[in-house]
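Residue strings, one per chain:
Number of protein chains: 4
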Amino acid sequence: MNETVSGTGAWPDLAGRIENGVHLLPVRIYYEDTDFSGAVYHANYLRYCERGRSDFLRLIGVHHAELFDHPESRQRLGFVVTAMNTRFHAPARIDDVIEVHTRFVSLGGARFDLVQEVFREAQLLFSADLKAALIDGEGRPRRLPDDMRARFQAHLNESP
Amino acid sequence: MNETVSGTGAWPDLAGRIENGVHLLPVRIYYEDTDFSGAVYHANYLRYCERGRSDFLRLIGVHHAELFDHPESRQRLGFVVTAMNTRFHAPARIDDVIEVHTRFVSLGGARFDLVQEVFREAQLLFSADLKAALIDGEGRPRRLPDDMRARFQAHLNESP
Amino acid sequence: MNETVSGTGAWPDLAGRIENGVHLLPVRIYYEDTDFSGAVYHANYLRYCERGRSDFLRLIGVHHAELFDHPESRQRLGFVVTAMNTRFHAPARIDDVIEVHTRFVSLGGARFDLVQEVFREAQLLFSADLKAALIDGEGRPRRLPDDMRARFQAHLNESP
Amino acid sequence: MNETVSGTGAWPDLAGRIENGVHLLPVRIYYEDTDFSGAVYHANYLRYCERGRSDFLRLIGVHHAELFDHPESRQRLGFVVTAMNTRFHAPARIDDVIEVHTRFVSLGGARFDLVQEVFREAQLLFSADLKAALIDGEGRPRRLPDDMRARFQAHLNESP
Chain U
-8 MNETVSGTGA WPDLAGRIEN GVHLLPVRIY YEDTDFSGAV YHANYLRYCE
42 RGRSDFLRLI GVHHAELFDH PESRQRLGFV VTAMNTRFHA PARIDDVIEV
92 HTRFVSLGGA RFDLVQEVFR EAQLLFSADL KAALIDGEGR PRRLPDDMRA
142 RFQAHLNESP
Chain V
-8 MNETVSGTGA WPDLAGRIEN GVHLLPVRIY YEDTDFSGAV YHANYLRYCE
42 RGRSDFLRLI GVHHAELFDH PESRQRLGFV VTAMNTRFHA PARIDDVIEV
92 HTRFVSLGGA RFDLVQEVFR EAQLLFSADL KAALIDGEGR PRRLPDDMRA
142 RFQAHLNESP
Chain C
-8 MNETVSGTGA WPDLAGRIEN GVHLLPVRIY YEDTDFSGAV YHANYLRYCE
42 RGRSDFLRLI GVHHAELFDH PESRQRLGFV VTAMNTRFHA PARIDDVIEV
92 HTRFVSLGGA RFDLVQEVFR EAQLLFSADL KAALIDGEGR PRRLPDDMRA
142 RFQAHLNESP
Chain S
-8 MNETVSGTGA WPDLAGRIEN GVHLLPVRIY YEDTDFSGAV YHANYLRYCE
42 RGRSDFLRLI GVHHAELFDH PESRQRLGFV VTAMNTRFHA PARIDDVIEV
92 HTRFVSLGGA RFDLVQEVFR EAQLLFSADL KAALIDGEGR PRRLPDDMRA
142 RFQAHLNESP
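Top to bottom, those sequences are chains U, V, C and S. FYI, the numbering for the first sequence is -8 to 151, going by the working numbering. FYI, the numbering for the second sequence is -8 to 151, going by the working numbering. FYI, the numbering for the third sequence is -8 to 151, going by the working numbering. FYI, the numbering for the fourth sequence is -8 to 151, going by the working numbering.
Just chain U, same shape as in the assembly (with noise of 0.2 Å):
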């Protein structure tokens, strides 16, 4: 089947959008994601919660696989979350397309503030704000590097 390989060119909204300084990522509910109570498992909203963050980094050029193996740093630098304040309001059931929107509403020397919230259509199922920070292979908190600075600063987005 291989000549209907149609690369990643094929699909350009994979990573989501931007749009008025909030990431927008659409997330599929399959099999995977649910419980035998028919709702969405509680944990799942954040891994889609760092679905929209790794692909709002993306959209603005960072990523973490150069992080990690960075050719001159060769520290191993990720981003870790450090605290995550979460609300549960409704469910997600099997079927339904959810969208989870990211915005950045604070930066520090080696952390960030980010807000979440996960809607089906109109309805909020839940939402996080969290604080995450860059570290280094020993888990020590690293100074953001300029670059990635100054990217984060074009997208601060502090309205509620």
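Keep in mind that a hint or two might mislead.
Label pairs and their computed distance ranges (CB to CB) [to be verified]:
| no. | chain 1 | residue 1 | chain 2 | residue 2 | range |
| --- | --- | --- | --- | --- | --- |
| 1 | V | Gly100 | U | Val96 | 55 to 65 Å |
| 2 | V | Asn76 | U | Leu115 | 40 to 50 Å |
| 3 | V | Asn76 | S | Glu149 | 27 to 37 Å |
If the Cβ cut is set under 10 Å, some of the chain S residues that face chain V in the computed set are [as the list claims (entries may be wrong)]:
| no. | residue |
| --- | --- |
| 4 | Gly29 |
| 5 | Arg38 |
| 6 | Gly69 |
| 7 | Val71 |
| 8 | Asn76 |
| 9 | Thr77 |
| 10 | Ala81 |
| 11 | Pro82 |
| 12 | Gln114 |
| 13 | Leu115 |
| 14 | Leu121 |
| 15 | Gly128 |
| 16 | Arg140 |
| 17 | Ala145 |
Since the hints were made in silico from the structure, they are not lab data. Where is the CB? At the ideal position from N, CA and C, for every residue including glycine.
Take the given structure of chain U and dock chains V, C and S to it, following the hints.
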């Protein structure tokens, strides 16, 4: 951020596409997909294949939620995999875009056979042939309804 | 290999233990738990905490399957987390044994509060306080049945 | 709650047991393991089997972390599954205790074959035969070290 909700219609490729009798679904590799070896955790290819099957069915008009909560049948119908032979050819890694290719290769009374392959660009990473069946809430095989059978039949693709 | 089936009774510690009003559950870190950074994927701590809550409930005689398929109530009762505040202190890694500590700290009509902490030996890796509720199949809060309430009450542990 | 930390030694059965040449590992079914159909999500049996293999190796003195970060070899050795043929016989459900049975059936230079079965009491739920290999950081097969080979050899069990 409610005003930015864009609705399902805004993501036309979310369920992949059917091209030349093969369903194609792109999958991004996130943190959650990898393990400490740096590669994608092997069981996750089964999750990607299940997403591919679900979206293939979705595009031909077969929905899990309807089967499971059908107002008339009350039979809680659902698909199960009964056997799956898998080959792991090469690993996917963080940030990769892979593509799941799915085709129906044969069709019985309650059962059908599929072939699924996962590519990164032209490289084959994973392949599987599997048998699936429609069962009711007691786990008994159920003959595929005629309209569903006709849809499957229209997409049979036995070519290697 | 059937003759070697040893039955549930052969694994006395499988649901952990309650000691001094705290439920303790050991969790082994496997490939599936880690991500390419080498650490445990952050959302997995919520899975471990859910295992801890489920086994605490199991040891005091409250079972998910019974609540969900109760022959009389027909209400499909189940527990949901409504809010969870989490702190990620240090990462667990492959082959680690960690321990989930769970205590009930307060009890309302349909709701209750818990504190959960994850340790590796004496080191705190993760902590959370959370609110959970009993709901029916329509998502409405349901008052805790009296016998369940009595069991929770007997294990309240407000100490820090 | 620090004083209640009980340490690894307090959970003697955590890695299962080897009996008559078969490794036995109990697994509890939690919310995270199930899907909306009420059954365990099919890909999760591969996770349970991987836990079984890891704990079998652990009990015979082979540890993932040591292989991957071995101070001398610097080769980042690790095991990968190269092929796995699976059969899904009957579903596990919430609150079930299942048991993963693992045996080594043959041994080559860099490769070895296993059979794994999952039971609930005497009922067979899932079975698989699989091929695994030791590879280095570049994905090349590596001959099993002699001491590891001797340990595997001592536990070969070809009986059906």
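Cross-check of the supplied hints:
no., hint, result
1, V:Gly100 - U:Val96: 55 to 65 Å, "57 Å, holds"
2, V:Asn76 - U:Leu115: 40 to 50 Å, "43 Å, holds"
3, V:Asn76 - S:Glu149: 27 to 37 Å, "22 Å, violated"
4, Gly29, "8 Å, holds"
5, Arg38, "5 Å, holds"
6, Gly69, "5 Å, holds"
7, Val71, "7 Å, holds"
8, Asn76, "5 Å, holds"
9, Thr77, "5 Å, holds"
10, Ala81, "7 Å, holds"
11, Pro82, "7 Å, holds"
12, Gln114, "12 Å, violated"
13, Leu115, "13 Å, violated"
14, Leu121, "9 Å, holds"
15, Gly128, "8 Å, holds"
16, Arg140, "21 Å, violated"
17, Ala145, "26 Å, violated"
Hint compliance for this structure: hints 3, 12, 13, 16 and 17 are not met, and every other hint is.
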